[in-house]
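**Student:** Sequence:
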Amino acid sequence: MNVIHLPIYQFLEGSGKSFVIPVYQRDYAWTKINCQKLWDDIVDLSYQGRNDHFLGTLVTIGSGFQEYTIIDGQQRLTTISIMLIALHNYLKQQDQLPQQEQFLSEQVLEFLINKYAPEKHQRIRLKPNQQDQTSFASLFEDDRSFDGQSNIINNYKFFYDKISSGQLSPSQFFQSFQKLKIVLIDLVREQDDPQLIFESLNSTGVDLTAGDLIRNYILMDLPPIEQDQMYKNYWLKIENLVGNLAEFVRNYLIYQEKVSVKRDDVYTVFKKFAVKQFNNDKETIVKDLLYFAEIYSWLVQIRSHNNTGINHRLLRLNKIEFTVCHPYLFDVFNDLKQGFLTEDAVTEILAIIESYAFRKIIVDNSTQGLNKMFITFSKEIKKETSWKSSYLEILKFKILEKTASQRFPNNQEFETALIYKEIYRTQSKNKNFLLESLENHNSSYKVNLEELTIEHIMPQKLTKDWKEVLGNNWQEIHKKYLHTLGNLSLTAKNQQLSNQSWEDKQAIDYQESKLKLNFKLDRATQWKEEEIVKRGKRLAQEALQIWSYPETKYEKNQPDEQLFDLSSEDSFSGSKPAYLYIENEDAIKLKTWKDLLVYVCRYLYDFSPTQFKHLQNSPEFRWNFDPKKPLRRATEFAENKYVEGNISANGTITFLGKLCERMNYPPEKISFSVKNNKS
0 MNVIHLPIYQ FLEGSGKSFV IPVYQRDYAW TKINCQKLWD DIVDLSYQGR NDHFLGTLVT
60 IGSGFQEYTI IDGQQRLTTI SIMLIALHNY LKQQDQLPQQ EQFLSEQVLE FLINKYAPEK
120 HQRIRLKPNQ QDQTSFASLF EDDRSFDGQS NIINNYKFFY DKISSGQLSP SQFFQSFQKL
180 KIVLIDLVRE QDDPQLIFES LNSTGVDLTA GDLIRNYILM DLPPIEQDQM YKNYWLKIEN
240 LVGNLAEFVR NYLIYQEKVS VKRDDVYTVF KKFAVKQFNN DKETIVKDLL YFAEIYSWLV
300 QIRSHNNTGI NHRLLRLNKI EFTVCHPYLF DVFNDLKQGF LTEDAVTEIL AIIESYAFRK
360 IIVDNSTQGL NKMFITFSKE IKKETSWKSS YLEILKFKIL EKTASQRFPN NQEFETALIY
420 KEIYRTQSKN KNFLLESLEN HNSSYKVNLE ELTIEHIMPQ KLTKDWKEVL GNNWQEIHKK
480 YLHTLGNLSL TAKNQQLSNQ SWEDKQAIDY QESKLKLNFK LDRATQWKEE EIVKRGKRLA
540 QEALQIWSYP ETKYEKNQPD EQLFDLSSED SFSGSKPAYL YIENEDAIKL KTWKDLLVYV
600 CRYLYDFSPT QFKHLQNSPE FRWNFDPKKP LRRATEFAEN KYVEGNISAN GTITFLGKLC
660 ERMNYPPEKI SFSVKNNKS
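Using numbering that gives the first Met the number 0, you'd call the opening residue of the sequence shown number 0 and step up by one each time.
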């Protein structure tokens, strides 16, 4: 590694040099805001008479004679090149120039073009990545009409306008450019690790997404020819399929590892996974990513699935933005590809998940807590030996078995919420989805909700006539039923209806309306509490058909033991532990919950003694470890290390789960079995 401080023009000069931005680097991303700051620095250099300005670091590695591959700093280097092209083109357009600027155009061009290159396409020194090549090359053309938009063209126009403004003369501008300095880190391919250096320079993650870092990790270490092949054959296809690369990889990792992955941890977890699962074989990694990228493209509807039934169900899940099920659906669609599930079965699975999700939204106002469930849901189903032949029945059984925050709301809960809850106050996507589904259910004519608005039949602002119709308790009725399902409909005439009387609303809209939701509104002689509740009950009954409650006759074979992990929210009162399973280690036989406490504390202490000691002294865990007060039942888990042993079974699991989380150790990776009562 060679580290040199020098003006950037000295790095650029030299007739045979070329600068290659490799395929794994992200597209050019500087905006006018970044360019404005650079321009202000250049102006300050001229006005304040400063000697230099530090532009930043540039990391390169030689890839051939006079050819430099840009490892880091490509955004700055591209911007400087754009700025110089703008100066050159401005000078070319001027009919008269001061004597000192007459040869400046050719001098600037020396930094941009290798005029001795045999082929025209080889003459441009900076070689952007594939996505930016066309825009950058167009700046050198005589006809610069610049059809289309890109950051490169926008920033070129910015610098051209600034130079044309006369704030600095071309010679002043060029003199300031010559004062811009960089730190050049020139790597030696056989000696230095570009990936480690890149990560250390970008450790703050500024402007780099997890997707950028993962792409660099996959492609950076490969020779240039292999980089191009892997980028074209795999990586470009992956990016086109998934849209948000970081979110795709996060869901992929959750599916593969069966643990929760925070968005900030995606890159770190991915690197560990790549080494553990694929021995860091880059081609095997991208092949697996591409396989699941196709599945993800169906889930997020970037591409449509060939089966219209499946595609329809995925589209509906997207409308309510129910994404926590994606890791589970990776497994479902993998089973479909492998032939373990039929397309009809997958369609029904998606319908069950939609019913589950939407009932939770309506009844509980939330789907919070379901991410944990879907992380391990496929694992739960496949514990049953008959899963290949009875997948749907097992799925229904397992989802109906859930309790507490994960329970499947029953028909009575769902119906009551639909009738009496203020549906209008729920999120737009949810109330729109409800009304659109009710309108289009069992209807050959499908209505597009974008052309309609939600109408309050009993208006939000009551007139004197409406108050008289509602009776003495009009305030209570209005407050209780205004935003409920029975009082909501769809219309294209919301402005005209407003707070018109019931009879006028019928005449303006309901009597002529073709909408199914407005069925029977033309026949009602009045609109009071009784009518609102009656209509709410009728619509709720239809909703029970759309989002049905699963039924199954499946009977689970009760094993001698059940498997759980430390993220479990189940109750273990009155039960006995059987075995402890930690990652790939041998099973440990347990007699009591205290055994589990001791073994896990010992494992976590060995995993990271420093972090464990820090947590021992923290306020959160002081009751469990505090050495300043005597523990009621001091239990030794390591030499002279004690934990409070006077703790219930449920308390043990809750404590150990929290301890794992604070140590950034996934609690799902520590499992234990519990003996069934019959054994």
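It is possible that some hints are incorrect.
In silico DSSO-like cross-links for lysine-lysine, where the CA-CA straight-line distance does not exceed 27 Å [what the hints assert, rightly or not]: (1) LYS668 <-> LYS271; (2) LYS445 <-> LYS318; (3) LYS91 <-> LYS114; (4) LYS318 <-> LYS401; (5) LYS463 <-> LYS552; (6) LYS114 <-> LYS156; (7) LYS281 <-> LYS318; (8) LYS401 <-> LYS430; (9) LYS657 <-> LYS612; (10) LYS575 <-> LYS318; (11) LYS428 <-> LYS513; (12) LYS420 <-> LYS381; (13) LYS257 <-> LYS657; (14) LYS387 <-> LYS371; (15) LYS536 <-> LYS428; (16) LYS460 <-> LYS479; (17) LYS612 <-> LYS478; (18) LYS466 <-> LYS387; (19) LYS552 <-> LYS381; (20) LYS478 <-> LYS428; (21) LYS31 <-> LYS114; (22) LYS336 <-> LYS231; (23) LYS463 <-> LYS479; (24) LYS668 <-> LYS261; (25) LYS515 <-> LYS430.
Just so you know, the hints here were simulated from the structure itself, not pulled from any lab data.
**Student:** For each hint, tell me whether it holds in the structure or not.
**Tutor:** Status of the hints after comparison with the structure:
1. For the suggested pair LYS668 and LYS271, the alpha carbons sit about 15 Å apart, so the restraint of at most 27 Å is met.
2. Simply put, LYS445 and LYS318 have alpha-carbon atoms about 16 Å apart, close enough for the 27 Å limit, and the pair holds.
3. Our distance criterion of 27 Å between C-alpha atoms is met by LYS91 and LYS114, whose separation comes to about 17 Å.
4. For a cut-off of 27 Å, the pair hint linking LYS318 to LYS401 stands: about 25 Å separates their Cα positions.
5. A threshold of 27 Å between alpha carbons decides the hint, and for LYS463 with LYS552 the separation of about 57 Å lies outside it, so the pair is violated.
6. For a cut-off of 27 Å, the pair hint linking LYS114 to LYS156 stands: about 25 Å separates their Cα positions.
7. A hinted pair counts as satisfied when its Cα atoms are at most 27 Å apart, and LYS281 with LYS318 does not qualify at roughly 36 Å.
8. Annotation: proposed proximity of LYS401 to LYS430 holds, straight-line Cα distance about 26 Å (limit 27 Å).
9. With a C-alpha separation of about 15 Å, the suggested pairing of LYS657 with LYS612 holds against the 27 Å cut-off.
10. For the suggested pair LYS575 and LYS318, the alpha carbons sit about 44 Å apart, so the restraint of at most 27 Å is broken.
11. Taken as a hint, the LYS428 and LYS513 pair is honoured in the structure, with Cα atoms around 23 Å apart against an allowance of 27 Å.
12. Restraint check for LYS420 and LYS381: the C-alpha separation of about 38 Å exceeds 27 Å, so the hint is violated.
13. Among the hinted pairs, LYS257 with LYS657 is consistent with the structure: their alpha-carbon atoms are about 18 Å apart, no more than 27 Å.
14. For the hint linking LYS387 to LYS371, the alpha-carbon distance of about 24 Å falls within 27 Å, and the restraint holds.
15. Our distance criterion of 27 Å between C-alpha atoms is met by LYS536 and LYS428, whose separation comes to about 22 Å.
16. Using a Cα cut-off of 27 Å, the hinted pair LYS460 and LYS479 holds, with the two alpha carbons roughly 14 Å apart.
17. Our distance criterion of 27 Å between C-alpha atoms is broken by LYS612 and LYS478, whose separation comes to about 56 Å.
18. Of the supplied pair hints, the one linking LYS466 and LYS387 is violated, its CA atoms being roughly 61 Å apart against a limit of 27 Å.
19. With a C-alpha separation of about 18 Å, the suggested pair LYS552 and LYS381 falls inside the 27 Å cut-off, and the hint holds.
20. Taken as a hint, the LYS478 and LYS428 pair is honoured in the structure, with Cα atoms around 23 Å apart against an allowance of 27 Å.
21. Simply put, LYS31 and LYS114 have alpha-carbon atoms about 31 Å apart, too far for the 27 Å limit, and the pair is violated.
22. Under the criterion of a C-alpha separation no larger than 27 Å, the hint pairing LYS336 with LYS231 is consistent with the structure, at around 24 Å.
23. Our distance criterion of 27 Å between C-alpha atoms is met by LYS463 and LYS479, whose separation comes to about 19 Å.
24. The hinted pair formed by LYS668 and LYS261 meets the criterion: a straight-line CA distance of about 16 Å does not exceed 27 Å.
25. Note on LYS515 and LYS430: the hinted pairing holds, with a Cα-Cα distance of about 17 Å set against a maximum of 27 Å.
Violated hints, in rising order: 5, 7, 10, 12, 17, 18, 21; the structure is consistent with all others.
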